[in-house]
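Enquirer: Next come the chains, spelled out residue by residue.
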Amino acid sequence: MTATPSVAPREWTRTHPVTPFIHVIRTVFALMAVYAIEVTQRPEEGGTLPGFVLFAIACGAIAIAIGWAAAEWRVNLYRIGDDAVYHKHGIVFHQHRQARLDRLQAVDIIQPFIARVFGFADVKIDVAGGRESNVSIKYLKLEDADALRNEVLALAAGYRSEHPGAAGGVGGAVAVPVPVGATPSPTANAASPVAVPPRVPVVAASERVLYRVPGGRLVGSILVSWSAIALLIVAAVTWMIVGAIGDEATSSQDFGSTGGGVTAMIVWVISLGTVLWAQLNNNANFSAGIAADGIRLSHGLLDTRRQTVPPGRVQALVVKQSLLWRGFDWWKVSLNVAGYHEQKQETVSTLLPVGTRQDALDAVWLVLPDLGDPDPAGTIATAMVGSRAENGFTASPTRSWIFDPLQWWRRGVKATDRALLIRKGWLLREFYVIPHERTQSLAIRQGPLQRLLGLATIEVHSTRGVIRPVAAHLALEDAIALIEDQARRAREGRARQTPEQWMAAVTG
Amino acid sequence: MLAAGIVLGLNGGAWWALPAGVLVLALWISWIIVRQVSAHAWVEREDDLMVRRGRIFRRVTVVPYGRMQFVDVASGPLARAFGIARVQLHTASPGSDAHIAGVPAEEAARLRDRLTTRGEARLAGL
Numbered sequence: 001m002t003a004t005p006s007v008a009p010r011e012w013t014r015t016h017p018v019t020p021f022i023h024v025i026r027t028v029f030a031l032m033a034v035y036a037i038e039v040t041q042r043p044e045e046g047g048t049l050p051g052f053v054l055f056a057i058a059c060g061a062i063a064i065a066i067g068w069a070a071a072e073w074r075v076n077l078y079r080i081g082d083d084a085v086y087h088k089h090g091i092v093f094h095q096h097r098q099a100r101l102d103r104l105q106a107v108d109i110i111q112p113f114i115a116r117v118f119g120f121a122d123v124k125i126d127v128a129g130g131r132e133s134n135v136s137i138k139y140l141k142l143e144d145a146d147a148l149r150n151e152v153l154a155l156a157a158g159y160r161s162e163h164p165g166a167a168g169g170v171g172g173a174v175a176v177p178v179p180v181g182a183t184p185s186p187t188a189n190a191a192s193p194v195a196v197p198p199r200v201p202v203v204a205a206s207e208r209v210l211y212r213v214p215g216g217r218l219v220g221s222i223l224v225s226w227s228a229i230a231l232l233i234v235a236a237v238t239w240m241i242v243g244a245i246g247d248e249a250t251s252s253q254d255f256g257s258t259g260g261g262v263t264a265m266i267v268w269v270i271s272l273g274t275v276l277w278a279q280l281n282n283n284a285n286f287s288a289g290i291a292a293d294g295i296r297l298s299h300g301l302l303d304t305r306r307q308t309v310p311p312g313r314v315q316a317l318v319v320k321q322s323l324l325w326r327g328f329d330w331w332k333v334s335l336n337v338a339g340y341h342e343q344k345q346e347t348v349s350t351l352l353p354v355g356t357r358q359d360a361l362d363a364v365w366l367v368l369p370d371l372g373d374p375d376p377a378g379t380i381a382t383a384m385v386g387s388r389a390e391n392g393f394t395a396s397p398t399r400s401w402i403f404d405p406l407q408w409w410r411r412g413v414k415a416t417d418r419a420l421l422i423r424k425g426w427l428l429r430e431f432y433v434i435p436h437e438r439t440q441s442l443a444i445r446q447g448p449l450q451r452l453l454g455l456a457t458i459e460v461h462s463t464r465g466v467i468r469p470v471a472a473h474l475a476l477e478d479a480i481a482l483i484e485d486q487a488r489r490a491r492e493g494r495a496r497q498t499p500e501q502w503m504a505a506v507t508g
Numbered sequence: 509m510l511a512a513g514i515v516l517g518l519n520g521g522a523w524w525a526l527p528a529g530v531l532v533l534a535l536w537i538s539w540i541i542v543r544q545v546s547a548h549a550w551v552e553r554e555d556d557l558m559v560r561r562g563r564i565f566r567r568v569t570v571v572p573y574g575r576m577q578f579v580d581v582a583s584g585p586l587a588r589a590f591g592i593a594r595v596q597l598h599t600a601s602p603g604s605d606a607h608i609a610g611v612p613a614e615e616a617a618r619l620r621d622r623l624t625t626r627g628e629a630r631l632a633g634l
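Chains A and B, in that order, give the protein sequences.
Position 220 of the first sequence, counted from 1, bears residue number 220 in this note's numbering, the numbering being contiguous throughout.
Position 33 of the second sequence, counted from 1, bears residue number 541 in this note's numbering, the numbering being contiguous throughout.
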C-alpha cells in the first residue's frame, strides 16, 4: 500500500464519487422494505393504490435521494494546509470549517460496514473546541484516508514539508500506513513495559502492538455482565409466559393484556440484545499499540474504527472492575480525550474493553509511560484492590462511613510526581488517573453534614467525556492540603508538558 | 409558613395572615440572599483564580490562568441598571463552573482584561 503514494490534497478536492451511493444505501434499503411490505399486504388490505403507482413512487423516492446526495457530494470539498484541514459542505446551509492542527486531539479512520465492504473510509479529525468542532471527511478510498491521516499527524507533530507534494517522505518519517489486517510482530508483547518504560524512537516507522483482546475473552466478558444476566432473566420469563398462554390460549380471559406484557418483554429482550451486540461489534478484534504519532487503537467487527491519539492528548483514565469480573481478574480502561464528545462516546473512549491486570497496567503505561512513582506496578495494584492508607494513599477517614457505608474504606487519593490517582468503589472497583498537566481546574466543596464531621470533597475537572473524577469525603485538612499541592503540581506539570507540536522539540 | 397563612386566611378569621406570610417569606429569602452574597468572593492569586461560593453548601473553585479558554462578561437590563455584571470563566471542562456574580461593571471589564492577559501569558495546550 505504501507503493502507491497517495497524497493528501492541498487544493479543494471532492471526496470519492461513490460517496452519494454509500450515503443513500440505507435509505434505499428502507424504501425497499416499505415497498415490499406495502406490496405483500395488498391482497389482504385491498391496497389503496395500484401497483405500478407504488413502484413509481418508490423509484422516484430513490432517484430523489440519490440526486440530493449527489448534489451534496458536489459541494462537499476538503483540502489540507500547513496549519489546518479545511472542509466545506452543504447545499442549503453552507458550512466552511477549518480544523486547526495545533488543536488536534485525535484522528480516526472509521469504516462503517457498507463502506468497508467496498474499501472506503471516513476520516474524522477531532480538534479541541466547542461542540461540533470536528471535521469528518467521507468517504475516501482507504489508502487516501490513510495518507490524509498520516499527513495530518505529521503536520500536527510539527514537521513542515518544503514540497507540499512530498507527503510520502513526511509520512514515511512518522507513520507508515498500517495495512488492514497487518500483524505487527508479536515480540512487542514480550517486554514488560511498566517496569522499564522504553523510549519510543522518533523515527519509529510502524506501530508496536502492546495488547490485543482475544475474541473468547471479549465474548466471555459480555456474557458475564449485568446486561446479559438481565437478558437471560427477561427471556426466560417471556418464554414461560408464552408457554402458559399456549396452554390456556382458549380459556384465558385477559389474553389481550398478557399479550401486551409479552410484547413489552420482547422489546426488552431486543433492546438488551442490541446493547450486547453493540459491545461485541465495537470491541471485537481490539488492539492497542504505540507509534511515534501516538496511541493507536483498532477495533470493530462489522464497523471498524482505527483511532490515533497523539501524545499528551489523553486527559484522564478510569480503570474499572465489575463485581462479576472479579473472579476472572478482568479490568476495563476508558479514557477522556477533548475532541471525543459525540453520540458514540462509549465506543471511542474505550482504551481496553476487557483485559487482565497486566493489560490494564499496559493501558495505563500507554498513556503515562512514567507514572512518576518509584513502584508504579505496586501503586496501581493498591489503587486496584487496596484499601485505607496502604502504600501512601490518603484515605477518607473512618467517620465518613455515614456517607459511604459500602465503600468508605476504598476511598483514597495518591499524588505521584506525574499524576493524581483517585480510588473508590467496593462492589464496582474503580480508580481514576489524571495527569497533573491535564487538570483543567479544581474545586473543593463541603455540605453541612460534612462540615460537622470535618470532611470535604475534591472535584478534579477534566474535559467533557466519560470521566468525572471526584475524591469524596476526605478529611478537611487533607483536602485543603491536596488542593493546594495539586494546584502547584498542575503548574509544574504544565511547565514541562509535551509541546503541542510533539515532534517540534526533537526536529527543530 | 405560607401554607399556614393560606389555611388561616381561608378559614375566614385572619385576613392579614396571607400577606403576613408572604412578607415573612420574602424577608427570609432576602436574608438568605444577603448571606449568600456575603459569602461570594474571589481572589486573584499569582497563578490561579479562586472563587468562593455558598454558605451551607460551600464550594471553592480554583482555575489556573493557563487553563482559561475564554472569559464572558454578561449583564442583563436589571444588572445594568445597578451597574453590575457577571464574569464567567470557561475552561475546556464543563465541570469547572467558575463564575463571579455581581461584580461592578468597570471592575468586571478590568478583571476580564487582566484574566485574558494572564491566560495568554500562561496558556498551554489543553
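Bear in mind the hints are in silico, worked out from the structure with no lab data behind them.
Please read all numbers here as calculations on a predicted model, not as lab measurements.
Idealized CB from N, CA, C, for every residue including glycine.
Wrong hints could be hidden among the right ones.
Incomplete in silico selection of chain B near chain A, CB under 7 angstroms [as the list claims (entries may be wrong)]:
{"no.": "1", "residue": "Glu554"}
{"no.": "2", "residue": "Asp555"}
{"no.": "3", "residue": "Arg563"}
{"no.": "4", "residue": "Ile564"}
{"no.": "5", "residue": "Phe565"}
{"no.": "6", "residue": "Val570"}
{"no.": "7", "residue": "Val571"}
{"no.": "8", "residue": "Gly574"}
{"no.": "9", "residue": "Ala600"}
{"no.": "10", "residue": "Ser601"}
{"no.": "11", "residue": "Pro602"}
{"no.": "12", "residue": "Gly603"}
{"no.": "13", "residue": "Ser604"}
Enquirer: All hints, please: hold or fail.
Expert: Hints and how they fare:
| no. | hint | in the structure |
| --- | --- | --- |
| 1 | Glu554 | 9 angstroms, violated |
| 2 | Asp555 | 5 angstroms, holds |
| 3 | Arg563 | 10 angstroms, violated |
| 4 | Ile564 | 5 angstroms, holds |
| 5 | Phe565 | 5 angstroms, holds |
| 6 | Val570 | 5 angstroms, holds |
| 7 | Val571 | 4 angstroms, holds |
| 8 | Gly574 | 6 angstroms, holds |
| 9 | Ala600 | 5 angstroms, holds |
| 10 | Ser601 | 4 angstroms, holds |
| 11 | Pro602 | 5 angstroms, holds |
| 12 | Gly603 | 4 angstroms, holds |
| 13 | Ser604 | 4 angstroms, holds |
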